[in-house]
Each structure stands twice: as structure tokens, then as C-alpha cells.
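Take these sequences, add in the hints, and give me the full structure.
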Amino acid sequence: MAGDVHSSLPGAHVVLTCPGGEPGRNSTVQWAWSSTLQGSLYTHHTLVLPDVQPSDSGSYSCFRDNQLAGTVHLLVEAPPEEPQLSCYQKCPTSNVMCEWRPQHPPSVTTKAVLLVKKSEAPTVNPREESVMTSMEYFREPCWYSATSGTFSCKLAVQEADSSFYIVSACVANSVGSKSSQAWGFRELEILQPDPPVHVEVSAVAGKPRRLRVSWGPAPSWNSTYYRLRFQLRYRAERARDFLPPVTLQESQHHYEIPDAWSGLRHVVQLRAQEEFGNGRWSEWSQEVMGTPWTGADWGAASSAVRKFWFPTPTVN
1 MAGDVHSSLP GAHVVLTCPG GEPGRNSTVQ WAWSSTLQGS LYTHHTLVLP DVQPSDSGSY
61 SCFRDNQLAG TVHLLVEAPP EEPQLSCYQK CPTSNVMCEW RPQHPPSVTT KAVLLVKKSE
121 APTVNPREES VMTSMEYFRE PCWYSATSGT FSCKLAVQEA DSSFYIVSAC VANSVGSKSS
181 QAWGFRELEI LQPDPPVHVE VSAVAGKPRR LRVSWGPAPS WNSTYYRLRF QLRYRAERAR
241 DFLPPVTLQE SQHHYEIPDA WSGLRHVVQL RAQEEFGNGR WSEWSQEVMG TPWTGADWGA
301 ASSAVRKFWF PTPTVN
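Just so we're aligned: 6 in the working numbering is position 6 of the sequence shown, and the numbers increase by one with no gaps anywhere.
For the record, the hints were derived by calculation from the structure and aren't laboratory data.
The beta carbon of each residue, even a glycine, is placed where N, CA and C say it ideally should be.
You may find that some hints are simply not true.
What the hints assert, rightly or not - No farther apart than 30 Å at their CA atoms in a straight line, the calculated lysine-lysine pairs in the DSBU-like style are these:
hint : residue 1 : residue 2
1    : K118      : K207
2    : K207      : K178
3    : K154      : K178
4    : K111      : K178
5    : K154      : K111
Stated by the list, open to error - Restraint-style ranges between C-beta atoms, simulated for each label pair:
hint : residue 1 : residue 2 : range
6    : L264      : G176      : 56 to 62 Å
7    : E189      : Q286      : 22 to 28 Å
8    : T247      : V108      : 48 to 54 Å
9    : T247      : Y225      : 28 to 34 Å
10   : R280      : D161      : 53 to 59 Å
11   : S148      : G58       : 26 to 32 Å
Structure follows, in C-alpha cells:
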């Protein structure tokens, strides 16, 4: 016969009832959990499970007089957490991504969607609870990555779209549902590039206080029309704080630090922003090390030349 599904919160006291009604006076009832027989025989048609946990989820089969009477499926899970939603766009030509990271992995029954409202002007407060219920909206699917522990939702936005968007994430499972606060934005407001890549720091021959730095834009900035500006910061490795960042010209991918400390190794980082200051700065790139020219290599090379140099005989 078809099985029933019983949902419960963790820590609850659960009573499962054997399908098929009350057993006869002389009948014996036995329960099996996920094909494993429970250790005791029960003369009553209920199975009591105190303080259930997610690990107790599974199929509980009831046998009456060694005949299968039916199966009850128990699902133990907590209600979903309220999404702490944030949205960003890595390039003006890319999709908007909205994400949140729950404190605990979701259950297998958990589903999530992004509710989206598009308007020409922000005529309402997006954080009012009634916004998403009183306005027409469309849905975008969301998915969970066990690797990153993050829910992600993709929202396609046309390039140079000036519309005002209001979004809210809704997540639900078998025992409850939660929605995030509504969040409003325009496309360029949430623009945040990835950090610059291929950062290299090298010495400048004959210049004991200079360092040459080169880099490139992140691959996710996949536009030749829109450009980036950059900031560079550096410090001596032994120093605790960075010097104030240097803002560089648009599309500049190299720079010479003019005032490095002679003989000391330095730490260099860069970050990027849309050329006109739209959106946010990227995170800082990974730290890269470099030491100014010391003359040691040049001195060693000069000694080697002197060691193996012989005067040319004079021809009379």
C-alpha cells in the first residue's frame, strides 16, 4: 500500500502509526527502519520516537504478523533560515547574481526562488514587508552549491538598463518557509569587478628604490567598451600598514613605485573599479612580493667578466 509522509522538527516527540488500522488482539507488530528491524516487538500499532534528529529520517515499515502492513516516511528537518541576501554584477555586460550563505546546509527538500519586481522609478520603500506581495513580480530559480555553501540566483539585466529592481529571496522546505527583506537597486549601483590578476612585481635595473608592477583585468570583466581604473597599495614586508593607495589612470596596467625602501622586500596589492566610479571597488588582489634592485647580481656578473677577461695581444 502507498506510504505516508510524516514531517517533524528536530527534538520533537514523534509517534508513528502503523497503516491499516488497529491490529487484532493476538497480532504482533514489528517495525523496520530503512530495512533494519527494530529490536523489540510491539503489540500496539504505534512506534514512539523521542527527541528525533535529522539522522532519524527514513522509511519505517510496519509488519503485522510478519506481513507488511505499510510504510511511513519520516522527515526530520528544521525550518529554513532567513536569507541574508546580497546582489552584485561583475561587469556591465554580465548577469546580476544574488546570493546568500546559510549557517547550516539545507535539507534535500529545500527549494529557493528569487522574486523580482522591475519598475522605472523607486516609488516605494523596498524594505516594506508588503512590497513583494502587493506588486507584480516574476521568479528566477536559485540553486545551492555544497562546495561554496552558498545559494545563488541569476538575474538577466540588459546592458545600460536604468530600471529600478526590487528583489527578495524565498526559501522553503517541508516544515516551513522564510523570505529575505526586499532589496532595491539599479544596475550600476551593484557593479563590483573581480580583483586584478597576473600581478607581477620586479626590480628596475640600476634603480635601488624602484619597483615595476604589472597586472591585467580579471577575465570576468569581459568587455572592451567598458574600462576599469585601478588603485595600487604597497608596504615594506616588515611594516604593519600599507601606504595610502595610488589611483592610476584608466586602463593603465603598469606602474613604477618610485619610493620603495632599498634592500627590503615589499608587499603589493591592486583593486579595480569601473572607470567613472560606478559601483564598488573590487576586493584587493592577492599579495605579491618584490625587492628593489640591490646591485648584487650586477656585481657578481661584473666579477665573472673580470675573472675570465684576457687582454688582446698587440700585433706589431
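Earlier hints that do not hold, by number: 1, 2, 9 and 10
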